[in-house]
Amino acid sequence: MSFRFLHLADLHLETKFGGAPAPRERLRRATFEAFERAVDYAIGNRLHALLAAGDLFDDPILSVHTELFFARELRKLSEASVWFLAVCGNHDPGGAGFRTARLGIEGERVRFFREGRPETVTITDREGAAVGVVVGAGHETDREGTNLAARFSRVAGALPVVGLLHTNVESAKASLDHKRYAPSTPADYQRLDYAYWALGHIHLRQQAVAGFPAHYAGNLQGRNISETGAKGGLQVEAFPGASATPEFVRFAPVRCEQLTLAGLPANASSDALASHLVELVEALPRESDEQLILRLELAGPTPLARTLRSPDTLRVLAEEIASRTGLLDLELRAEKTSLPIDRARLLASPSVLGEALSLIDSAQRDDSLLAELAPVDLAQETAAGDARLAYLRGLLEELPEELTLRAVAPEEA
Amino acid sequence: MRFRRLHARVFGVLRDLEVELAPEAAIVFGSNESGKSTFREALETILYGFDPAEREAHPLVRWNPGAGGDLLIEADLERDLGPPLRVERALLSRGQLRVAEAGADFSGRRQGNTALEFMGELPREIFRSVYALELAQLAALERNVQARVDDLLLPQAAALGLRPVGELRAALREDHQALWRPDQRGKPEARKWSEQLTELGRDAGKAAEEERGLRDAIVEQAELKARLVRLEAQRVELGRAHEEAPFLRDLFELAQQRRALGAPPDLTPLGDDPLVDPAGLAREIAALTDEIREPEARLARPEQALDPGELALLAAASDIALAGATAVELRAEAKQAAERRSNAASLRDEARRQLAAVLAQPPGDAELETAKRVPLEALRSAQSQWAAAAERHAASVPAPSWALPVVAVALALAVIPLLLEPWLGSLARLLALGAAFSGVVAVCAAWFARTRREPPSAPSLLTQLFAGLPPAPALLARPSELSRYVDCIATAQTTFARAAGEQRVASGVEASLQTRGEQLGKLCARLGLAAEGDADQRAARLAAALEQAVARERQVAQDRAERSVAKERLDARRPRLELASEHHDRVLAVLRAAEPDAPAPQQAFARVAERREAAEFVRRREAELRRDPRYAAFEQDVRIDAARDPIDAPWSPEASAARERALVACADEIAAANTRLGEIANLLRSDPGGRQARVADRMREAEERLAALRRERDRLALLESILGRAERRFREVHQPPVLQRASSYLERVTRGRWRRIDYEEGADGGLFVTGGGRDEPVRVEPPISRGTLDQIFLCLRLGLLDHLDEGRERPPLLLDDALLRMDSPRRAEVYALLAEISRGRQILLLTCQEWIAAEAEQAMKLRRITLAP
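Protein sequence lines, in the order shown, are assigned to chains A and B. Straight run, no breaks: the first sequence in the numbering used here ends on number 569. Straight run, no breaks: the second sequence in the numbering used here ends on number 878.
What the hints contain is simulated information worked out from the structure, not anything from laboratory work. Wrong hints could be hidden among the right ones.
What the hints assert, rightly or not - Sample of chain A residues at the chain B side, in silico, Cβ under 8 Å:
hint	residue
1	170
2	219
3	529
Even for Gly, the Cβ is constructed at its ideal location relative to N, Cα and C.
Let's have the full structure, built from the sequences with the hints guiding it.
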């Protein structure tokens, strides 16, 4: 008998979405739709359980509507005799005083792991026969600093064992981009003979420990342009005494992608540029039931660099391309575009512009010079030291293009 | 580089103007509109080409289109760093250039509208701004001293086609201050978004409040649902009580009526008979008594019967009827026989008359008998033969021989006059008519002669066949006459045959009549009736006797039927009478027992009937109520058996009204609860996140905008800072020699009153000048006098020229009324300075003031070039 389940993580229901109203509204609905799809999938495929590895909700203060939605979906699972097990993450900690602790939606086959101490739940099929064991531990606070994985121990028996945890595994890709909550190391997993580790926290789907069945499912729905690619869950079939291999199932109805386009047409026509971009977007692979949000970063020299600096122009162009390609939303960025002029000549010329470009170049390498050049009062509130320097370094990146555009008189360009 | 000659063949107002220019300096004098500015532009055009390069767009062409033609100028130039040369500029459709060595003619193809090669390092803008600055441009500088003069001091920027740094920095400053300002002054973009964030924060508070409201609504929803269950139960209970109340009232009323009835009358004595009105029974008894009285009387009368004679007559009724019918027939037959005999006689008479017409003498009876025997067929045959013989005889007689010639002559006589008519006139017609008539007469005469021939006589056979009945002699003359005789004999024989038939029939009838009469006589005798009289009389007698017997028989039958009916009636009514009487007696007994106090049976019956009717009503009502399934439940209800209406009776109007009020209140409460539940359902319907989420999104958007905006501000501010630093560095390298030269020129021009020009960085920086009796440098702007300002800028330009021209060609300096606002001593110093400078650079003074021109002419020993107005 195998233990078949769906591994989800980082649903982040009720995320706060920025950006334009229409796409953000769609994204909001998409996070809910993705979970609905996952639930329907689990029911439709007669899986034994749906495991959520933390951060079900983005905000510990859960709204009524989300709570009702969540309860409804869990009811569907219960009625279909599918288990739902979730660990609490840093966004939905289970400690007293947090909203998740007060969720009154637990039932016979619904279980939340709220405490940091691992708990074991035996999963049964529809007929009541045991098919697997899930060991889970949750975050009690929103800043869980303990290595929870180290608390897991062996589970005796002939059933496949699955660990469920919200953690930052240091060996995982992009672990540095995420807060180091419940940090763990590969050794924490390698010491145990679990059939599978269902992990959450890092939003990039990946195998967390090389050669070991510990996987991040990634978040269920990309919530912003940084969370790119197809999103969904991992379907797992675990057998006793063997490592399980997950299979990705897409649930996210909206996909975010980022592209950088450097080779812009030499033609100074907006229409030519639009057609070029339309071709590029249409060549992107896309599922029929999937909507796409795209950030397209234009870079390099173009006669349209000055035109593209106008937010209105970019907006009109983006709307035109989005309407022609059926994109849900297109963000066009042109900060890295530049005029097709001889930068070397500018740098070499005895001019203030050449001097300024030379200064920018030096400041990129010389932090003390950068600190000296920085305005005394920054609008952005940043901490002093490295953070401030990192911020200033980021500002420097697009300055040569900005300066050139501003300094060169239009007719000269 | 110096202009040695300028020849404006066609150039605006300058036409065929050829001037020789001194290598050091010259003064160009001209009143307004004499072409001073055109002269300056001609020099610039020689160096840089036409601007613009298209003829149609060039202002000098457009200004004076009527003059027509192309623009054409040429000049001889003496270079600092090269051989002298000749330059020709022509503006055909586009500007063109030809260059030749000094003293040589222009040859070869013209080049494009490009600047002279050695001027390439000095952009036209710089030339205009520094070398050929007009007074008006200088005035413009005063309004934007810092930016423009600073840019003048940074010539390389313009050389690269860059925007002035001062302008660039000002724009950057303006842009980033429009986004965010540390001093929070004005209305920067960030402030708007911060305010919006604050507003959104308030909205978030409201949304959170709504969220709390939603949670309260969920609690309220649960409470309302529980309350609805209670209310529904209450409504059902009230409804049931309300529905049962009429039933309970019915049961109660039934019990009341049952109690009011008391014990029922004892009807046992009546057995199976009903209790009826005794008066009705008495009436029925009287009627029955009356009904039996008549049949009793009828049965009391003796019964009637038929005697034997009547019985015999009735038995012979069929024979008598037959006899009557026979008599009638006999009478008809006798009458028929008499008629037939009469017919026979008439027929004989007829035959006699017919025969008399054809016989020779009137026939007697014997002849009549003879006629019957005449062989008619033979006679017809003989007559036919005779007729045939006669026809044969007639056919054998020819026409007279004279007839044809006579007729021919007559015709000729008739025709000839007609032919001669023209000569004879009407006489010819008369003659023709007469001849025709003669012909006709001749024809008639011939025909008559032929027909008057005698036929053959009757054959002898006929005479034999007449058998004693010879016909009249005339009938024997021709066969056709004899046929009348034959036909008459035939008719007579037929008539005789018919008369004989009639006679036979009459005889038969008469014999039958005789037989029937005898039979009737016998029947009369058998029935004891008189046999005299004829058959009719006997038959009449028999019929009358039979009629009497039949009448008698009818009487007897009626008597019998009446007696039978009377008996039946008696049999039917007597038992009923007995039963009715007995029933009446029992009814009276029952009524007496039931209503002993009643004055009469009638009243007793009325009372008992009333009681029974009430009891029946109660019984039916009870049966009706029993059919209701609730009966069993309420049968034993104590409230029903109460002697009178209990105060809390559920069927009382008060209780009913109270229940109705409660029901209405209950329904109202349910409706209100349902309405509220609907509202809550609407509030809770699927809306992920709800308003709180949307507000949060907007806050996120505002935060993102604010962050992006702040970043943009920092980026622009950093850029401005970098640009400032770059500018300072650049100035450190390039500016000091310019300012040093300018300061020395200023000190000389002002004779030491103003000593030094400085440039300071920063927001409060700019050009400063030291001197004028002040210890501190003062900003180069009013209230420094305008003349002094002119001197400062002139000195700056001179210093700048020295800096710019180091190591390359020195274009001439054109000064357009630059000394106009200077006082006389300083003008003298300027003239001296310019005369000194002119040894290294050609200087061209342009003025519209005669006194300036004269003064410069004298001070600098210049040659004046006067432009004609």
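Right, here's what the structure says about each hint:
{"no.": "1", "hint": "170", "verdict": "holds, 5 Å"}
{"no.": "2", "hint": "219", "verdict": "holds, 5 Å"}
{"no.": "3", "hint": "529", "verdict": "holds, 5 Å"}
The structure is consistent with each of the numbered hints, conforming to all of them.
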